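Heads up: the protein sequence lines correspond to chains A and R, in order.
Per the working numbering, the very first residue in the first sequence carries number 1; after that it's consecutive.
Per the working numbering, the very first residue in the second sequence carries number 1; after that it's consecutive.
Keep in mind that the hints are not guaranteed to be accurate.
Below, in silico cross-link-like pairs of lysine to aspartate or glutamate (EDC-like), each with a Cα-Cα straight-line distance of 20 Å or less [to be verified]:
#: 1; chain 1: R; residue 1: 57; chain 2: A; residue 2: 166
#: 2; chain 1: R; residue 1: 232; chain 2: R; residue 2: 267
#: 3; chain 1: A; residue 1: 60; chain 2: A; residue 2: 121
#: 4; chain 1: A; residue 1: 119; chain 2: R; residue 2: 8
Derived list of chain A stretches under chain R, where covered just means 3 residues or more per stretch with a C-beta under 8 Å from a C-beta of chain R [unchecked claim]:
#: 5; segment: 27-37
#: 6; segment: 72-80
#: 7; segment: 173-183
If you're looking for bench data, these hints aren't it; they were derived computationally from the structure.
Just so you know, these numbers come straight off a predicted model, no measurement behind them.
Heads up, the beta-carbon is just placed ideally off N, CA and C, and yes, glycines get one too.
These are the residues of each chain, in order.
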Amino acid sequence: MKFTGTDSYVASDDLRVAVNAAIALQRPLLIKGEPGTGKTVLAHEVAKALKAPIIEWHIKSTTKAQQGLYEYDAVSRLRDSQLGDERVKDIANYIKKGKLWEGFTHPERPVLLIDEIDKADIEFPNDLLLELDRMEFYVYETQQVIKAEQRPIVMITSNNEKELPDAFLRRCFFHYIRFPDRETMTQIVDVHFPDLQRNLLREALNVFYDIREVPGLKKKPSTSELLDWLKLLMVEDMSPDALRSKDSKQLIPPLHGALLKNEQDVHLFERLAFMARREQRQ
Amino acid sequence: MFVNFFLELRQAKVPVSIKEYLALMEGMDKGVSDFSVDDFYYLSRAILVKDERNLDKFDRVFGHIFKGLEAVPGEGIAAEIPEEWLRKLAEKLLTEEEKKQIEAMGGWEKLMETLKKRLEEQQKRHQGGSKWIGTAGTSPFGAHGFNPEGVRIGQDKNREGRAVKVWDKREYKNLDDTVEIGTRNIKIALRRLRKFAREGAEVELDMPDTIRSTARNAGWLEIKMVPERRNKVKLLILFDIGGSMDAHIRVCEELFSAARSEFKHLEFFYFHNCLYEKLWKDNRRRHVDTFSTAQLLHTYPADYKVLFVGDASMSPYEIAYPGGSVEHWNEESGQTWIQRVADTYRSMVWLNPVPERHWSYTPSIQLLQQLSSNRMFPLTLGGLDSAMKELNK
Numbered sequence: 001m002k003f004t005g006t007d008s009y010v011a012s013d014d015l016r017v018a019v020n021a022a023i024a025l026q027r028p029l030l031i032k033g034e035p036g037t038g039k040t041v042l043a044h045e046v047a048k049a050l051k052a053p054i055i056e057w058h059i060k061s062t063t064k065a066q067q068g069l070y071e072y073d074a075v076s077r078l079r080d081s082q083l084g085d086e087r088v089k090d091i092a093n094y095i096k097k098g099k100l101w102e103g104f105t106h107p108e109r110p111v112l113l114i115d116e117i118d119k120a121d122i123e124f125p126n127d128l129l130l131e132l133d134r135m136e137f138y139v140y141e142t143q144q145v146i147k148a149e150q151r152p153i154v155m156i157t158s159n160n161e162k163e164l165p166d167a168f169l170r171r172c173f174f175h176y177i178r179f180p181d182r183e184t185m186t187q188i189v190d191v192h193f194p195d196l197q198r199n200l201l202r203e204a205l206n207v208f209y210d211i212r213e214v215p216g217l218k219k220k221p222s223t224s225e226l227l228d229w230l231k232l233l234m235v236e237d238m239s240p241d242a243l244r245s246k247d248s249k250q251l252i253p254p255l256h257g258a259l260l261k262n263e264q265d266v267h268l269f270e271r272l273a274f275m276a277r278r279e280q281r282q
Numbered sequence: 001m002f003v004n005f006f007l008e009l010r011q012a013k014v015p016v017s018i019k020e021y022l023a024l025m026e027g028m029d030k031g032v033s034d035f036s037v038d039d040f041y042y043l044s045r046a047i048l049v050k051d052e053r054n055l056d057k058f059d060r061v062f063g064h065i066f067k068g069l070e071a072v073p074g075e076g077i078a079a080e081i082p083e084e085w086l087r088k089l090a091e092k093l094l095t096e097e098e099k100k101q102i103e104a105m106g107g108w109e110k111l112m113e114t115l116k117k118r119l120e121e122q123q124k125r126h127q128g129g130s131k132w133i134g135t136a137g138t139s140p141f142g143a144h145g146f147n148p149e150g151v152r153i154g155q156d157k158n159r160e161g162r163a164v165k166v167w168d169k170r171e172y173k174n175l176d177d178t179v180e181i182g183t184r185n186i187k188i189a190l191r192r193l194r195k196f197a198r199e200g201a202e203v204e205l206d207m208p209d210t211i212r213s214t215a216r217n218a219g220w221l222e223i224k225m226v227p228e229r230r231n232k233v234k235l236l237i238l239f240d241i242g243g244s245m246d247a248h249i250r251v252c253e254e255l256f257s258a259a260r261s262e263f264k265h266l267e268f269f270y271f272h273n274c275l276y277e278k279l280w281k282d283n284r285r286r287h288v289d290t291f292s293t294a295q296l297l298h299t300y301p302a303d304y305k306v307l308f309v310g311d312a313s314m315s316p317y318e319i320a321y322p323g324g325s326v327e328h329w330n331e332e333s334g335q336t337w338i339q340r341v342a343d344t345y346r347s348m349v350w351l352n353p354v355p356e357r358h359w360s361y362t363p364s365i366q367l368l369q370q371l372s373s374n375r376m377f378p379l380t381l382g383g384l385d386s387a388m389k390e391l392n393k
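Chain R with its partners taken away, still in its complex shape (with noise of 0.2 Å):
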């Protein structure tokens, strides 16, 4: 029964070892859980689980291992779902006929009552063994994930104990892995691009340093001071703004608000859908304040890393032909300048908002994708983590 407990973890992604297992058996042993499901519960979400993202995917995995492992009287199911998605849902799931026998029955009642049925139904057929209504992705809900707002349904607050199981809540929901992608996530995801060098001001004892001269000395104490030690990599991000990006803006405000802290030498700039020959920095003054792609090619030296963030979506012309671009009349096409940064700057990623699946229905951003040697990530934690490794090669 533990071993099964175990090896589901496991193939729900859980991050569980031997090891673990091996002190959930000592903790048994040793009488931690008190022969209580729910303390049982608690000690094996302390020791299996690592990570508060893992835990809603332990609850449901628990709910499954151990279903009716305490048979709670009169126990329904217990989501919480907004109100308006069950009537989306309602309006789905039931047949017109239905739904006019609920009006003729009686109003909102009498829906959720017919509704908690269906879904009763409907679970049944789950495939992958996952619970409830929302999980796994099987369900209707699944892409809209959690809202605290709900409304439960099969839950009678009046019965005696608790209605609903502990793990069974999965209060963890909202930590699960769509970790929204905040300031200090993007924080913690830039760190990784850190190259530390000693420069400026001496202020550190060189220990090393101050032995080696000291013995050099005979014996006369000789301190030797290094600077500190900064982070010296050098950043240039190039935002694409307007028009389609108008959609991702937020995420755009954060990432850039995480880098300007995280990086000292931080540049950017802006440009419309395509890099053409003029970029600005204030987008009021796009028109007005311009300064040349060239001019940027000479002024920032091959050192910096180069960050496009762009949705890259557009019509392939735009990026193909000479006066593709949509606002003026452009010289030389996109894929030229973005060419020559590319040749300028080793290091050099592209991070797409636009969710990874949509990109192959897009041609322009499968000709980024090229112009940028493969190396467009998508802009969520993972695509950001793995956009700094390739940044740090």
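So that you can see chain A by itself, here it is in the shape it has in the complex (with noise of 0.2 Å):
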């Protein structure tokens, strides 16, 4: 089981290695990176690579870590008793598989994405450490122990909004995502667009990596958002000389609604602009 990238995803060396090592090893793997880098597409192409089902869980602020492994539903089994059903007699009929149990047991090693763990409580990565370390856990409601047989490839996500626990972070592997140069980006959109004028693409790459050179951007474009624009582009059937305009009544690129996600960034831009117009004026 190698992943060395798949026709739709391009993974650098570090990142390949990275993904390997945590496939031989068997251990999870924390991804970091900017928004937008491709955290959660990984997980996916990684189980399309490796024609592994993939199983995503993911988390929110009130995701439990309990909710991972069951649940019992104890509301609906008063309910039935209530009722007088049959099922009622036995509790296991009541338990909910959670994710990781779904991941255990799956019959076929699948890859079990945990997205964006750093949405959830603070303590949330701490009551998982067992289960992600040895890939078991046990029921108490039935006092039966599921164990993995074969252990799933766990990929974490995390936008690094609260730091993780050292013991988790003992346990895992990471990737920090970096933003791929212009290079890389030429290919991922290489990859995204096979179609799309060379020259257009030029231009459009020009516009984007000036936009997050741009001093004090609240939210930087990232990948994502670049190839969201250049599908906007292609729609619109947008000529490369548009994008090399320096039509001063033309501040900002066209359809920047794709690449600047709030108003204030699109006002800094648009001022920056104005005063680079008027430099080269004078």
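Relying on the hints, combine the two individually framed chains into one complex.
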């Protein structure tokens, strides 16, 4: 089992080694990086490349670690008991499997994605230590041990909103997805839009990296935003010249809504562009 | 060799444990790294480093330990230094005579050449084994940090293969500890200050109570609800504004906007230099719309947590004596007012944007440090973290 990138995902060397290490050594892989650099997509692509099923667990601020293991639906059991349902005699009928349970008992070795772990409560990662380390847990209600026969490939993404505890980090491998340079970006775009005109791409990348360079942006546009924008440019059939135009009427790039996501940034960009124009004219 | 690597990583304060070291051994045993140095670098990085802030430290140690492991022909110094620093550096390092020579020999190219040699010499004198200029604070550039607009010296673009070893590129420089204190980071730090309580409308199912009540009800389902958990920390921020604070306005803005979105019960007021009998909310109308400090003490109950933000840099008279204020005649000294605030609110901290190492040179900072019973923290991420811990006590 080796991951080498797929035809729709450009994986850098370091990412490849990190993923392969996680697969070979059966440890969870923690992935961090700017939003929109393909953290979540990576798990999907790994699953695709290895032809493994993917199980996704999206974490929210209210998610509890227990929910990943199983949940005991006491209320429906109570209700059933009042209705005289036969199922009520067996508590196992009211145990709902969580994503980890699903992953542990899957007939094939699955890819288990724990998405945005930093969104959960501070204690969340600590509650999963043993489960991720030994890949087993105990179901109190039925007194059985659920143990993974084949350890799933666990991928965890984080946006860095919370520091993860050291004990948790010890058990993971770590990879930080750097923002791709121009060369890699060209490859990435090629993979997604193979029939994009060369010169349009060049101009678009120029504009894109220029925007990223603008100091003080609240949210720098990232890969996924670039891809969206290119898609728009293609749909609108924009010509490369339109991007290059230094027309003073048009201060900011066309369809900028895909790149700049809040009005302060648009405003800032307009102001800077205006100043740049003025300097040029002088 | 690897043990050394491991120990040196620990020395460089990269938090690695034996568990990770063993994992690395296991990884090599299983042949993940494919016997190539680059792959080994990637593998060890994925296993040993757990936080992007440590990536740069890791690169430095790796470069040091495995120096010369893969000799790249013609490898010189590869550092990214903005041109102007180089020029400055050149001025420092080269003697007048040399400079004249250079001018005679012809310009910048030559200068770089000489400078490169000079830097190489200088490197050897560096302690701590830091390999490149600009590392570990031993170089003349250390304080400036990383600038992406750098020029490269010692790198020939036409050379075959890679000019710089991967780890020597030190691409993660800007992720190192000197993390800019951005709104997002501040928010994370502020999140330490959370105290959840159930208040308001009952919207969540209270499982234990439902089961208890149902059991007591002889099996007839009786559903109990509880209100949602909410952060009930109340925060009162007092900003020093104007004068010497102008230099810190950005970080204060960031702190403010982060705090505003993080706390529901947040009140803020401004003061100038030191707290006296008046505060204001709108800086433009500061002489018209004022709020008396005495009223503040009565209005906000003692369970508010008070956060002073100010550089505390002024003449000690402004704190210690009546009439010391630079703007008006104050009947009572600033000290008295701050003492009152400290007496009313049990949780109080002072955040100071002035770097901590300068504090001891400013008597007024020490004075306020005492007044806040040593609860003054620098306005950095670390300081903010400790301040929040203090407020949580």
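Looking at the structure, which of the earlier hints fail to hold?
4
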